[in-house]
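S.K.: Here is what each chain is made of, one letter per residue.
Number of protein chains: 2
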Amino acid sequence: MVSMGFAVPDDFERMWADLAPVGRSASSGGYFRQPFASAERELAAWFAEQCAARDLAVESDAFGNVVAWWRPEGSASPGVLTGSHLDSVLDGGAYDGPLGVVSALAAVDELRSRGFVPGRPVGVGVFVEEEGSRFGLACLGSRLATGAISWDQARELRDRDGVALGDVAEGGGPGLLDDVGVFVELHVEQGRDLVDRAAAVGVASGIWPHGRYRFDIAGEANHAGSTRMEDRRDPMLTYAMTALAANKQARVLGERATFGRVEVEPNGTNAVPSRVTAWLDARASTEEGLAELVETVSRQAAERAERDGTAVEVTAESVSDAVLFDPDLAARLAADHAGGDWPVLPTAAGHDAGVLSAAGIPTAMLFVRNPTGVSHSPAEHAEVPDCLAGVHALAETLERLAR
Amino acid sequence: MVSMGFAVPDDFERMWADLAPVGRSASSGGYFRQPFASAERELAAWFAEQCAARDLAVESDAFGNVVAWWRPEGSASPGVLTGSHLDSVLDGGAYDGPLGVVSALAAVDELRSRGFVPGRPVGVGVFVEEEGSRFGLACLGSRLATGAISWDQARELRDRDGVALGDVAEGGGPGLLDDVGVFVELHVEQGRDLVDRAAAVGVASGIWPHGRYRFDIAGEANHAGSTRMEDRRDPMLTYAMTALAANKQARVLGERATFGRVEVEPNGTNAVPSRVTAWLDARASTEEGLAELVETVSRQAAERAERDGTAVEVTAESVSDAVLFDPDLAARLAADHAGGDWPVLPTAAGHDAGVLSAAGIPTAMLFVRNPTGVSHSPAEHAEVPDCLAGVHALAETLERLAR
Chain A
1299 MVSMGFAVPD DFERMWADLA PVGRSASSGG YFRQPFASAE RELAAWFAEQ CAARDLAVES
1359 DAFGNVVAWW RPEGSASPGV LTGSHLDSVL DGGAYDGPLG VVSALAAVDE LRSRGFVPGR
1419 PVGVGVFVEE EGSRFGLACL GSRLATGAIS WDQARELRDR DGVALGDVAE GGGPGLLDDV
1479 GVFVELHVEQ GRDLVDRAAA VGVASGIWPH GRYRFDIAGE ANHAGSTRME DRRDPMLTYA
1539 MTALAANKQA RVLGERATFG RVEVEPNGTN AVPSRVTAWL DARASTEEGL AELVETVSRQ
1599 AAERAERDGT AVEVTAESVS DAVLFDPDLA ARLAADHAGG DWPVLPTAAG HDAGVLSAAG
1659 IPTAMLFVRN PTGVSHSPAE HAEVPDCLAG VHALAETLER LAR
Chain B
1299 MVSMGFAVPD DFERMWADLA PVGRSASSGG YFRQPFASAE RELAAWFAEQ CAARDLAVES
1359 DAFGNVVAWW RPEGSASPGV LTGSHLDSVL DGGAYDGPLG VVSALAAVDE LRSRGFVPGR
1419 PVGVGVFVEE EGSRFGLACL GSRLATGAIS WDQARELRDR DGVALGDVAE GGGPGLLDDV
1479 GVFVELHVEQ GRDLVDRAAA VGVASGIWPH GRYRFDIAGE ANHAGSTRME DRRDPMLTYA
1539 MTALAANKQA RVLGERATFG RVEVEPNGTN AVPSRVTAWL DARASTEEGL AELVETVSRQ
1599 AAERAERDGT AVEVTAESVS DAVLFDPDLA ARLAADHAGG DWPVLPTAAG HDAGVLSAAG
1659 IPTAMLFVRN PTGVSHSPAE HAEVPDCLAG VHALAETLER LAR
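Going down the list, the sequences are from chains A and B.
All you need for the working numbering is the position in the first sequence, starting with 1, plus 1298.
All you need for the working numbering is the position in the second sequence, starting with 1, plus 1298.
So here's chain A without its partners, still in its complex pose (with noise of 0.2 Å):
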């Protein structure tokens, strides 16, 4: 457990009650923070005040990710960056995100309260479009920040209503993290091992490989009262198929697949579909394992397809290698509290963290107890003394770093 004992809890909770009503669905209560559109915006307003607030020197890029920096005089390059992102999943949770953002803000408020004054620069960063829930690629601000992609192939991006993302943001590239030495992403836990563990907070080891892979299957529309069952080629059907076999799959092997978003055409109840467009979000422990689940599906929705009558086509609109975060850095950030040592956990969930640390950029993850697991959801939470001894733990981390 971490100890408790720093004066700004209320700080923490002011934060935390600006940001609740932004973006919010009355009848879900979910959030609707997509980027570049009006609650994400606001948020980012709101970052900006907060920043202005504590005299942070803002620096951010053509995309909008922002760098707000702290930087004593004396202070040495390079500096230790925090933060994580803004943004949300449709209908998804408060703390996703956001917890990582508020307390990068609050550890930093805790730090000066007890007079700290670090030697090297101390920044917190909030990236854009993490969630890929609009552009449909994860990570797209901390990706373009780090070069992972240019801006050239990044603004042919679309979303769902035929936006170009080069229409809706001006640009993005390299640049904004020169002086970054050390990443630390603090985020709620999105499952229950801190709960297992009966521990507030805990280190990352790395991420599990993962991917967004497109099915496109075509078939032909035609009438559901007067077409025959054996005249159809019917493109729901290979789909059906297809997201049992992923299901399946992932079960016997301890990995994740998830059918969670399927676009149909024509879409209409008397009307055998054109087409049918779905995504597969694949996750597995290894990059052989992720290989191997994709290519099992994939061989699966083929053979559907050839007796549905029907075509399938696989696009790879993503896929992020094994992340192992820095296993000394992950160590030293563990060890040596008045609780005892934070626990070490895996994830299967991507961040912008992976990004950075793809980058060469020593990195780490500081997991908040989330008492369900439960995230992307409405249901997501985290409670308020585990949010408060993540911002401690997370003031803790950046004293050592930043030192």
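No lab work stands behind these hints: they were computed from the structure.
Among these hints, one or two may not hold up.
[Claimed, not checked] Among the chain A residues that face chain B by a calculated CB cut under 7 Å, a handful are:
1. Gly1489
2. Asn1520
3. Ala1522
4. Thr1556
5. Asn1565
6. Gly1566
7. Val1570
8. Trp1577
9. Ala1646
10. Ala1647
11. His1674
[As the list claims (entries may be wrong)] Here are a few chain A residues that sit away from chain B, every Cβ distance over 12 Å (derived from the structure):
12. Glu1311
13. Glu1357
14. Arg1369
15. Thr1594
16. Ala1600
17. Ala1629
18. Val1642
Cβ coordinates follow ideal geometry from the N, Cα and C atoms, glycine included.
Given the coordinates of chain A, work out where chain B should sit on it, guided by the hints.
M.R.: Relative to chain A, chain B alone:
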């Protein structure tokens, strides 16, 4: 075969060319003519012009259903109604609906061109929202006009954007059809029976009972990466199994079951869905068969839901009983033609003719050959000579009925 030899094929082709561009998608070649939206309203205005050019007396109801009467002096009630609808399914074909309207106008032209003066009024009707593609209830216009549904019930129907019917239509109810003694609807065939029989035109014997059933499947949203497969309550799996079960059941029994429309919440790639809503279109040759089909699919959905930890609710949004068109009328219309009798055949597709028949109006349908049998699709087609044979067959039919 139907003998040719009337003077107005140009007239038909001109009208057909008028309609060709309205509501057509450049990418798919299909039609988007949803009720109370621009393309369909344009067609309604076009129809009014055509009626004015022919000196037909236009009557309409508050819903927008129209009957344009050719009522020569001395003609005696009740009248003979023909016509069809101008709306389409989403991304539908050119023929389903408009062929019956254009053929009706052309048949009036043919009768007039050869000097026929009807003893009974002849009406050309257009019913609104036959497809139910916007408000979910097929044959909505004819149901209102016959009193099969009341305006108080109908006004609460909502489209996909949540717009209530009461906000786009002014009202609806019986009255318009008071002077109708018999109804004949010409329609493109939605199947290949006429191809197999080498006939350009046929007569309908009846319509299979059919219905639309909404499956609401509730699960729990969660993170697609970090949630173990065994901890999920994923409604997509319940849906997928239900779609396959429906197909299998209908295939075995020679009936029809289609899931052509699906809506997923939140429909994000990296979230297990919280809810899947899907619509079953089911049709069978008997009412008992239809009930059993829907019951079996619902039971299989419920069984799978138990396994998935989800909950399924099935709601019948509309159910149409079997329609047996007036057998004497069908036999009379089919017999004694120059090219031999027209074939008499059933259909599994619903039509306004079924609603009028159920309301006690003696009703018949003529079908025009469809070379591929494909309908509710951009590929729907009929050859011009077959369309002209249909016009001629309709003119002959009107002549017999209105003499």
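S.K.: Take the hints in turn and mark each one as holding or not.
M.R.: For each hint, the structure was consulted:
1. Gly1489: Holds, about 4 Å.
2. Asn1520: 5 Å, holds
3. Ala1522: 4 Å, holds
4. Thr1556: 4 Å, holds
5. Asn1565: OK, holds: Asn1565 (chain A) within 7 Å of chain B, min 5 Å.
6. Gly1566: With Cβ-Cβ at 5 Å, under 7 Å, it holds.
7. Val1570: 6 Å, holds
8. Trp1577: Holds: closest Cβ of chain B sits about 4 Å from Trp1577 (chain A), inside 7 Å.
9. Ala1646: 4 Å, holds
10. Ala1647: 4 Å, holds
11. His1674: Where the cut-off is 7 Å and the nearest Cβ of chain B is about 4 Å from His1674 (chain A), the hint holds.
12. Glu1311: 25 Å, holds
13. Glu1357: Holds, because the least Cβ-Cβ distance between Glu1357 (chain A) and chain B comes to about 29 Å, which exceeds 12 Å.
14. Arg1369: 35 Å, holds
15. Thr1594: 15 Å, holds
16. Ala1600: 17 Å, holds
17. Ala1629: About 23 Å separates Ala1629 (chain A) from the closest Cβ of chain B, which puts it past 12 Å; holds.
18. Val1642: The assertion about Val1642 (chain A) holds, with a minimum of 16 Å to chain B.
Against the hints set out earlier in the document, no violation occurs for any number.
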